[in-house]
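Read off the chains here:
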Amino acid sequence: MAAISVAGKAARPTTHEGRLWRKVRQNLTAHGFLFGALLCFGFFTWYPMVREVVMSFQKTKRGKTSWVGLDNIDQLLQDPAFWQAWRNTLLFTLLALVLGFAVPFFVAVLLNELRHAKSYLRILVYLPVMMPPVASVLLFKYFYDPDFGLFNSILRALHLPTSAWLNSPDTAMLSVVIASTWMNMGGATLIYLAALQGIPGELYEAAELDGAGLWRRVWHVTIPQTRLILSLLLLLQVVATMQVFVEPFLLTGGNGPQGSTTTVVYLVYQYAFNFNNYGAASALGLIMLVVLAGFSALYVRLSRKAD
Amino acid sequence: MSRTGLVRRSVVVAVAAGMSMSLAACGSSGGTGGGDGAAKGSGSATLDPAAKVTVSVDCQPPVTKAAERKQWDQDVAAFGKLYPNVTIKSKDASPCEEAAPFTAQLKGKTQTDVFYTYFTDLNQVLDADGAEDISAYVNETTVPALKDIDPSVLATLKDGGKLYGLPTSNYKMGLLYNRKLFKQAGLDPEKPPATWAEIRESAKKIAALGNGVNGYGEYSATNQGGWHYTAELYGLGGKMVSDDGKKAAFNTAEGKQVLQNLYDMRWTDNTMGAAQSLKWPDLMTQMAADKLGMYVGAPDDITYMVQTLKGDYEAYGMGPMPGAKAALLGGNDYMFKKGSSPDQIKAGIAWINFKYLTLGKGQFDYARTKTDGLPVGLPQPFFFTGASLAADNKAKAASATVPVQNYAPYLAVAVPGKTEPANAQQIYKVLDNPVSAVLTDRNADVAKLLADAETQVNQVLASLQ
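Same order as they appear, the protein sequences are chains A and H. Under numbering that gives the first Met the number 0, the first residue of the first sequence is numbered 0, with each subsequent residue one higher. Under numbering that gives the first Met the number 0, the first residue of the second sequence is numbered 0, with each subsequent residue one higher.
Any given hint might turn out to be false.
To be verified - When the alpha-carbon atoms are kept at most 20 Å apart in a straight line, the in silico SDA-like pairs for lysine to any residue are as follows:
id	chain 1	residue 1	chain 2	residue 2
1	H	Lys-369	H	Pro-341
2	H	Lys-245	A	Arg-61
3	H	Lys-64	H	Pro-374
4	H	Lys-204	H	Asn-269
5	H	Lys-447	H	Gln-464
6	H	Lys-106	A	Ser-65
7	A	Lys-63	H	Ser-462
8	A	Lys-140	H	Gly-211
9	A	Lys-60	H	Ala-99
10	H	Lys-106	A	Met-48
11	H	Lys-88	H	Gln-73
12	A	Lys-60	H	Asp-158
13	H	Lys-108	A	Phe-43
14	A	Lys-63	H	Asn-422
15	H	Lys-337	A	Arg-61
16	A	Lys-58	H	Ala-99
To be verified - Here are the simulated distance ranges between beta carbons:
id	chain 1	residue 1	chain 2	residue 2	range
17	A	Leu-138	H	Thr-109	35 to 41 Å
18	H	Ala-77	A	Phe-42	42 to 48 Å
19	H	Ala-66	A	Ala-156	56 to 62 Å
20	A	Ala-156	H	Ala-446	54 to 60 Å
21	A	Ile-198	H	Lys-447	37 to 43 Å
22	H	Gly-338	A	Val-299	44 to 50 Å
23	A	Glu-112	H	Lys-108	56 to 62 Å
24	H	Lys-108	A	Phe-40	22 to 28 Å
25	A	Pro-199	H	Gly-107	54 to 60 Å
26	A	Pro-131	H	Gly-79	41 to 47 Å
27	H	Thr-307	A	Phe-42	38 to 44 Å
28	H	Gly-338	A	Leu-19	54 to 60 Å
These aren't lab readings, by the way, just hints derived from the structure by calculation. Just so you know, even glycine gets a beta-carbon here, dropped at the ideal spot from N, CA and C.
Work out the full structure: start from the sequences and follow the hints.
Next comes the structure, spelled out in structure tokens:
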């Protein structure tokens with residue numbers, strides 16, 4: 000048996016390396032493309048990540064880079080802004096989920112239920128996403144102006160107490176979240192709408208035959224049917240909102256009144272570009288990476304379940 | 000060597016020698032020439048006129064600033080006539096420096112051979128090992144006006160006794176005010192307030208004009224709250240850190256006074272408006288719209304308000320820093336990329352000297368500036384002293400296109416310049432908090448805010464040791 004086998008394959012390579020080489024030669028073009036993509040990923044994505052991890056444990060002073068162990072993390076832990084940034088980021092995430100998750104879902108359900116003008120309204124809802132963030136921010140800065148802004152003008156007209164909006168540590172973060180929700184709602188709404196449209200129509204018909212109104216249809220059909228997709232989007236939104244930077248940076252200059260809108264990513268930016276402390280910036284990025292990796296692992300588990 | 004080659008070489012040497020003599024005579028660029036005999040690597044030697052050298056320089060004005068661009072190109076051409084063997088490779092840049100790209104350039108070692116920086120960048124540049132020590136190349140031959148450059152300005156470009164850059168412009172903070180609003184409020188625009196008590200009184204009268212006009216304005220975001228706190232503390236004679244730089248030194252009566260002034264104007268006098276968390280250029284925008292009476296700033300804010308925000312030169316005046324004990328100074332300079340050859344450094348110094356440090360030339364060619372429709376007469380740059388300062392003021396007044404008398408109160412008081420503390424941005428970030436607190440929280444406790452900031456700055460400074 001062994002002799003036949005040897006004789007039969009004498010002319011062809013039998014080792015693992017040989018087979019691999021043969022496969023590579025057969026798919027040379029594909030491997031060429033793959034190599035290019037891997038090179039790009041390696042250079043622009045993986046290498047910076049590895050460098051970030053390395054730099055987290057280094058310090059550069061007068062051109063000399065030295066290993067400092069956990070000193071950078073120690074420095075971060077001593078910085079009161081570190082804890083404040085985490086508190087602010089978690090607050091933003093929480094508020095963004097309450098508003099940024101619920102409002103687009105609600106709008107998507109409404110759009111899904113509509114019989115007329117659906118496309119028109121869909122465009123209207125998506126419109127803010129197409130606006131450049133800076134333009135949206137300028138708009139909201141005007142809305143929020145405590146003296147002449149639109150919001151306080153409306154409140155005054157209704158004889159209601161006005162708010163300091165971005166000018167008070169108590170309301171600054173909520174104001175950022177409201178603006179952010181408005182700016183990003185269109186994209187989330189469309190995703191929810193796509194998920195809603197995947198629900199078989201018979202289920203709604205059956206529910207309607209049973210006399211279910213809008214709220215019962217949402218509660219008993221829409222939410223159970225989209226539960227998994229909603230969980231995935233929720234996790235994605237958590238990961239995205241925890242990396243918030245643009246909105247507070249543009250609306251309040253990053254810190255906000257008494258540091259009330261300083262987020263973790265803004266603090267990374269400050270350490271890197273204001274303080275030129277790449278070590279601490281990298282260490283903070285690494286901590287962020289670990290936290291987000293936890294959420295991502297959860298996402299992967301859920302997406303497997305969804306498959 | 001062939002006969003033709005010998006002749007050509009002789010001509011080159013003769014032209015070089017003649018040129019260097021004429022340069023020495025006019026004293027504009029100090030090219031005493033060393034000819035072939037000059038030691039190439041010697042720092043004290045001036046640029047060898049025969050040496051072929053190319054230097055890249057950034058901060059060439061963008062095409063959108065037509066007049067400035069034209070002047071730059073003219074200066075490059077004129078410099079090329081003086082130094083035919085030097086090629087200036089200009090790099091268009093607007094703005095000249097932005098924190099994120101600048102940091103990336105230093106990290107990637109991609110800055111130009113002669114690169115633009117702010118006075119506050121020295122530590123960052125040295126930490127990135129980005130600049131050459133030019134001490135040996137800068138002397139009264141290469142930079143004839145050297146003796147008249149304010150030592151406090153040069154000090155900002157020194158580390159460990161070594162010089163790393165040459166200044167091109169600078170400023171001292173003072174009190175900017177809107178003369179139009181002063182007149183409307185019945186105040187004398189020729190006599191701006193000089194103390195915080197006077198500022199409070201003036202602010203009340205200006206705010207009483209109503210129609211959304213604020214008496215006084217202050218930044219409190221993006222580290223600018225801390226920056227202005229420092230300026231105002233210096234004005235009162237305080238300091239931010241101890242002499243050895245290891246401890247915070249602002250939790251003093253002067254430090255409290257700075258915050259208390261702001262608190263009182265915001266909440267007791269109600270002269271600062273409700274919109275706070277302001278950052279550059281918010282105050283300029285307000286003043287250019289005639290909605291703000293006063294704020295602490297630098298003379299080049301006036302240029303920004305007129306050129307960018309379409310304000311009016313006649314409308315703005317400048318007084319000395321309130322308190323006048325010291326004025327925070329800042330400015331711009333050029334440094335020389337680490338690894339540059341001695342000839343590149345010498346050529347770079349010659350260019351900076353020609354463009355920025357020679358009276359009557361480059362940026363000091365006021366007649367040309369006037370012809371080109373650019374402002375002449377603003378009290379900036381501010382780095383000359385002695386004979387150079389006198390000559391500059393005279394030349395400036397002769398070609399003035401802006402109302403120089405509006406800045407007379409600022410120039411009349413000789414307030415000493417004081418540099419920013421080391422690691423300024425980290426300290427400013429901490430001080431943003433108390434400044435924004437007194438402007439956004441009616442219940443702000445000045446003493447506690449300052450004590451907390453002191454603890455935090457001490458932590459920051461300890462982590463940087």
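Hint by hint, here is what the structure shows:
1. H:Lys-369 with H:Pro-341: Since the Cα atoms of Lys-369 (chain H) and Pro-341 (chain H) sit roughly 37 Å apart, the hinted pair is violated (cutoff 20 Å).
2. H:Lys-245 with A:Arg-61: Holds. Lys-245 (chain H) to Arg-61 (chain A) sits at ~19 Å (cutoff 20 Å).
3. H:Lys-64 with H:Pro-374: holds, 13 Å
4. H:Lys-204 with H:Asn-269: holds, 11 Å
5. H:Lys-447 with H:Gln-464: violated, 26 Å
6. H:Lys-106 with A:Ser-65: holds, 16 Å
7. A:Lys-63 with H:Ser-462: Roughly 17 Å between the alpha carbons, so the hint for Lys-63 (chain A) and Ser-462 (chain H) holds.
8. A:Lys-140 with H:Gly-211: holds, 17 Å
9. A:Lys-60 with H:Ala-99: With a Cα-Cα distance of about 19 Å, the restraint between Lys-60 (chain A) and Ala-99 (chain H) holds, given a limit of 20 Å.
10. H:Lys-106 with A:Met-48: holds, 16 Å
11. H:Lys-88 with H:Gln-73: Holds. Lys-88 (chain H) to Gln-73 (chain H) sits at ~14 Å (cutoff 20 Å).
12. A:Lys-60 with H:Asp-158: Distance ~14 Å between Lys-60 (chain A) and Asp-158 (chain H) Cα, so the pair holds.
13. H:Lys-108 with A:Phe-43: holds, 18 Å
14. A:Lys-63 with H:Asn-422: holds, 18 Å
15. H:Lys-337 with A:Arg-61: holds, 12 Å
16. A:Lys-58 with H:Ala-99: holds, 19 Å
17. A:Leu-138 with H:Thr-109: 35 to 41 Å: Check passed, 37 Å falls within 35 to 41 Å.
18. H:Ala-77 with A:Phe-42: 42 to 48 Å: Given a distance of about 44 Å, which is inside 42 to 48 Å, the answer is holds.
19. H:Ala-66 with A:Ala-156: 56 to 62 Å: violated, 49 Å
20. A:Ala-156 with H:Ala-446: 54 to 60 Å: violated, 41 Å
21. A:Ile-198 with H:Lys-447: 37 to 43 Å: violated, 57 Å
22. H:Gly-338 with A:Val-299: 44 to 50 Å: holds, 47 Å
23. A:Glu-112 with H:Lys-108: 56 to 62 Å: Holds, at about 60 Å.
24. H:Lys-108 with A:Phe-40: 22 to 28 Å: holds, 25 Å
25. A:Pro-199 with H:Gly-107: 54 to 60 Å: For Pro-199 (chain A) and Gly-107 (chain H) the Cβ distance comes to about 55 Å; the hint holds.
26. A:Pro-131 with H:Gly-79: 41 to 47 Å: Taking Cβ atoms as reference, Pro-131 (chain A) and Gly-79 (chain H) lie about 42 Å apart, which means the hint holds.
27. H:Thr-307 with A:Phe-42: 38 to 44 Å: Cβ of Thr-307 (chain H) to Cβ of Phe-42 (chain A): about 40 Å, so the range 38 to 44 Å holds.
28. H:Gly-338 with A:Leu-19: 54 to 60 Å: At 45 Å between Cβs, range violated.
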